[in-house]
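Residue numbers (our numbering), protein chains in the order written: chain A, -17 to 459; chain B, 4 to 99.
If you are wondering where the hints come from, they were derived from the structure by calculation, not from laboratory data.
None of the values given here were measured: they were computed from a predicted structure.
Note that the Cβ used here is the ideal one computed from N, Cα and C, for glycine as well.
Be careful, since some hints might not be right.
Calculated lysine-lysine pairs in the BS3-like style (CA-CA distance at most 30 Å, straight line) [stated by the list, open to error]:
#, chain 1, residue 1, chain 2, residue 2
1, B, K26, A, K61
2, B, K93, A, K425
3, B, K83, A, K61
4, B, K34, A, K61
5, A, K170, B, K93
Not the full set, but computed from the structure, chain B residues with beta-carbon under 7 Å of chain A [said to hold, decoys possible]:
#, residue
6, R17
7, F20
8, T21
9, E51
10, H55
11, A60
12, V62
13, L72
14, R80
15, A84
16, R87
17, E90
Label-pair distances were calculated between CB atoms; the ranges are [unchecked claim]:
#, chain 1, residue 1, chain 2, residue 2, range
18, A, I10, B, D48, 47 to 55 Å
19, A, G12, B, I35, 45 to 53 Å
20, A, Q227, B, E29, 28 to 36 Å
21, A, D142, B, N61, 35 to 43 Å
22, B, I35, A, S(-16), 53 to 61 Å
23, B, F28, A, M276, 36 to 44 Å
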Amino acid sequence: MSLIPTIGLEVHCQLNTRTKIFCGCKLIFGGQPNSAVCPVCLGLPGALPVLNREAYRLGVRAVLALNGQPAERMKFDRKNYYYPDLPKGYQISQYDEPLGRGGWIEIDTPSGIKRVRLHRAHLEEDAGKLIHDQSPEYSHVDLNRAGTPLIEIVSEPDLDSSTEVYEYLTQLKAILKSARVSDCDMEKGHLRCDANVSVRRSASDPLGTKVEIKNLNSFKAVKAAVEHEIERQTAALAAGEVIRQETRLWDDNAGRTVAMRSKEEAHDYRYFPDPDLVPFHVDAVIVEAERQAMPEMPRQRRRRYVESLKLSDYDAGLLSQEREVSAFFEDTAARLGDIKAAANWMIGPVFAYLSAKGVTLDQTRLSPDLLSALARLALDNKMSFQAAKDKVFPEMAESGTAPEELMRRMGLEQVSDEGALDVWADEVIRENAKVVEEVRSGKDTAVMFLVGQVMKKSKGKANPGKVQTLLRSKLSS
Amino acid sequence: MSSFDLRHVARLARLHFTDAELKPFESQLSKILGFVEELKEVNVDGVEPTSHPLAVANVFRADEPVQSLDVEPFLARAPKARGRFFEVPKIIEDRS
């Protein structure tokens, strides 16, 4: 049975502030347990939260970057539930008057560009961290993370497949990083995701019963969990079962979702306005300033690369995704004065090196200055492209040494000197009488064999183009 | 308010009552709900709804770090602690 899946995502993203959302404790990662805490984030009675202006500003910026509308008025509500990582017994979140509404994210699908609509975005505080592996009887609570500013971005149920889900998350991350809203460091849990999945028989049917999947900590996990859940629901319907509205946890090791014990009060959060926080009216000055200061988004950049730089859509897509990569590419192209060559160097050797090493550009010794200098040496035939790519580039990326020095040290300077080439060419013609005869009698491809022999004599340093021209002129005379 | 509702609300608040203790709340809470019903009679045409009694909005703090507090005294007052951690009965992943 083939059913139509419908997926909506809730993504929690950590905002890039220095301090927590409602108190002045620093945001730290991996520090001493409970070292960045105060009465507000410990949830002590009488402590009062005050909103971090930067969290609001970054939130507004995120809403604008996602084509949404910052709300005229927003307020904070208490979401009540008991869990040991939540010291107050409630999470400060936003219920009916969130930070922003609407917007969309464009994703690539096999049938073209698709706009995934966004429902809303709101601000909230993160909970603390529970550690379960220290003792068989007790769990341990570290509240350094409690009070970390998050923006939750809720999509409309516009996604049809796990592939679209993955693409949506990739685009969302690129946008939030480009807008400098968040570092989006997955390792540090900056992006976390819940997925709502349902299936139905035909597109004209109403949406099926939705199941919420939690505990998704990587894009891969989201993709796998959504795939698994679609299969599970499809099989259940085929067997004549009814899908229950429930929350399921993704077990990454087992590769399946498991039902959470359904408690009648599980979703009874009893939201009510937090009396400790006053309402907020949209600050038109902040909104306008953010609109003006908005950096170029990856999609705009991709369009610009295609339209002004004449790159292929595929190349433009690869080079526009990350701000750091784009800036590096554009700087290299400007120094080199050759857009296509700069793009090829980035997409070929640079990307291969980054993925082999598992690093980002800023973790290497590479710079636009070095890369453009190396590309220039190859373009000017000072050395072969092959030697530049295979020998000099890896060494330059490791050590940050100037490419000219490496080329000399490695003895890779290409020989274009007519005298030396002449001697080699004559030798080769003498030593390969049979092939020479073939060329002379019209078998043009045989000339490449002779070029290869000259290259061999030169130990790869001869300029192959010049060698070919030289051989042809000698053999045609 | 029915006793079922009361039990539900008590459970959400992690309050444990015997039936005898719960009984008086029934009438008391019903009375309170009655008072709120009475408020509904007030004419509020043309009055803006509000979520906060203070006529104050947009109170922010700057994103400047302040010195966090030494957690020791708070750990000492917690029901249980170990090292620099608060300690709670084992939380088992909530699955069936």
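Hints, verified against the model:
{"no.": "1", "hint": "K26/B x K61/A", "result": "28 Å, holds"}
{"no.": "2", "hint": "K93/B x K425/A", "result": "82 Å, violated"}
{"no.": "3", "hint": "K83/B x K61/A", "result": "26 Å, holds"}
{"no.": "4", "hint": "K34/B x K61/A", "result": "26 Å, holds"}
{"no.": "5", "hint": "K170/A x K93/B", "result": "24 Å, holds"}
{"no.": "6", "hint": "R17", "result": "6 Å, holds"}
{"no.": "7", "hint": "F20", "result": "16 Å, violated"}
{"no.": "8", "hint": "T21", "result": "20 Å, violated"}
{"no.": "9", "hint": "E51", "result": "11 Å, violated"}
{"no.": "10", "hint": "H55", "result": "5 Å, holds"}
{"no.": "11", "hint": "A60", "result": "5 Å, holds"}
{"no.": "12", "hint": "V62", "result": "5 Å, holds"}
{"no.": "13", "hint": "L72", "result": "5 Å, holds"}
{"no.": "14", "hint": "R80", "result": "10 Å, violated"}
{"no.": "15", "hint": "A84", "result": "9 Å, violated"}
{"no.": "16", "hint": "R87", "result": "4 Å, holds"}
{"no.": "17", "hint": "E90", "result": "5 Å, holds"}
{"no.": "18", "hint": "I10/A x D48/B: 47 to 55 Å", "result": "52 Å, holds"}
{"no.": "19", "hint": "G12/A x I35/B: 45 to 53 Å", "result": "48 Å, holds"}
{"no.": "20", "hint": "Q227/A x E29/B: 28 to 36 Å", "result": "31 Å, holds"}
{"no.": "21", "hint": "D142/A x N61/B: 35 to 43 Å", "result": "41 Å, holds"}
{"no.": "22", "hint": "I35/B x S(-16)/A: 53 to 61 Å", "result": "55 Å, holds"}
{"no.": "23", "hint": "F28/B x M276/A: 36 to 44 Å", "result": "55 Å, violated"}
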